[in-house]
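Visitor: Guided by the hints, dock chain B onto chain A, whose structure is given.
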Amino acid sequence: MNVKFEVLVQLKPGLLDPQGKAVEGSLPAMGWNNVSGVRVGRHVELTIEAESERAAQEQAEDMARRLLSNPVIEDFQILRAEQAGR
Amino acid sequence: MTDRPPRVGVVTFPGSLDDGDALRAVRFMGGEGVPLWHADRDLRGVDAVIIPGGFSYGDYLRCGAIARFAPIMDQVRGFAEAGGPVVGICNGFQILCEAGLLPGALIRNRQLRFVCRWVHVRVETAASPLTNEIVAGDVLRVPVKHGEGQFVASMEDVDRIEADRLVVFRYCSPDGSLAEDANPNGATNAIAGVRNDAGNVVGLMPHPEHAVDPDVGATGGQPMFASLLSIAVARAA
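Residue numbers (the numbering used here), protein chains in the order written: chain A, 1 to 86; chain B, 1001 to 1237.
Keep in mind the hints are simulated off the structure, nothing from the lab. Built from N, CA and C at the ideal position, the CB exists for glycine as well. Hints may be right or wrong, so weigh each one.
Partner residues aside, some chain B positions facing chain A, computed with beta carbon under 7 Å [claimed, not checked]:
#	residue
1	R1062
2	A1105
3	R1108
4	R1110
5	I1134
6	V1152
Taking CB as the label site, the calculated pair distances span [what the hints assert, rightly or not]:
#	chain 1	residue 1	chain 2	residue 2	range
7	B	G1020	A	E58	37 to 47 Å
8	B	C1116	A	Q59	36 to 46 Å
9	B	E1133	A	A81	49 to 59 Å
Excised from the complex, chain A in its bound form (with noise of 0.2 Å):
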């Protein structure tokens, strides 16, 4: 079975965040005043071939932690392509 994910990986909330910073830093200048908390991340989807589910949510998960984040300094959520709603 082809089971679709996506993969959000966003820095940990102790680290700054420069990229968040600056897009938040710039809203303002368009008149947007009541942004805070823009933290900028990445996100990655893919369709992995598997026996089961199971096994292919244990796979994204490996391939998230080993690499698509750096555990140093990232978190990251996996979704179901479902559930991210499409």
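Guide: Relative to chain A, chain B alone:
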């Protein structure tokens, strides 16, 4: 004892830029520069390894994230675990952090801009392959050129890095004092370079390989390469 010059390998990945200068710096300082290829599984009997700067694999995903899976990196890991001296410069530093051979990580510069300028670094410990011939406290002038050189780690990791004296270089003023404007990328605790616990692996964002030839500019890289070659000589013997 052998009389041969120490052999220092320099790994070339797709997208490496500073492999040529690293090889040249090794030769300039009296060593034999040995080109190594990312797809090979052979370190060609070198006494030390340099992972040079550049943009390996286009910096895709994260800087250094793809390069750490290159075939040669298995050999580099084994060489490092056996106590061999390994140096990562700029992108090479990012690769060694991604590979888990050095603590911490490098993220986008705090000011979000690529920085290319001369900096001063203070040597914090002589216990590394780049500083064993240097006295702690010495200040060296070397260039930086990077967009993602801000050293970070979790608070616990930073505490451990400091407590275990793993910081090898800090950005500083010419007189060796720490100052906000001497830190080119917002690095935590002005950290420019760190080593591993065993003290045989070191990484730094500045480029000593661009600073060895007095005909070209400052020579702050000379003592670092002299240190590396002296360790490599000891291994060659």
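Visitor: Between E1133(B) and A81(A), is the Cβ distance one that fits in 49 to 59 Å?
Guide: Holds - the Cβ-Cβ distance for E1133(B) and A81(A), about 57 Å, lies within 49 to 59 Å.
Visitor: May I ask you to test the hint 37 to 47 Å on the CB atoms belonging to G1020(B) and E58(A)?
Guide: holds (44 Å)
Visitor: For the range 36 to 46 Å, tell me whether the beta carbons of C1116(B) and Q59(A) fit it or not.
Guide: 41 Å Cβ-Cβ, so the 36 to 46 Å window holds.
Visitor: Does R1110(B) meet its interface restraint, that is, does its C-beta lie within less than 7 Å of any C-beta in chain A?
Guide: holds (6 Å)
Visitor: Verify the interface restraint on R1108(B): the C-beta must sit less than 7 Å from at least one C-beta of chain A.
Guide: holds (5 Å)
Visitor: Regarding the hint that R1062(B) lies at the interface with chain A, is the smallest CB-CB distance below 7 Å?
Guide: Hint on R1062(B): holds, closest Cβ of chain A at ~6 Å, below 7 Å.
Visitor: For the restraint on A1105(B), tell me whether the closest CB of chain A is nearer than 7 Å.
Guide: holds (4 Å)
Visitor: Would the stated hint for I1134(B) survive a check requiring a Cβ distance to chain A of less than 7 Å?
Guide: violated (28 Å)
Visitor: Are V1152(B) and chain A close enough, Cβ to Cβ, to be under 7 Å, as the hint says?
Guide: It holds, given that the least Cβ distance between V1152(B) and chain A is near 6 Å, below 7 Å.
The structure shown violates just one earlier hint, number 5.
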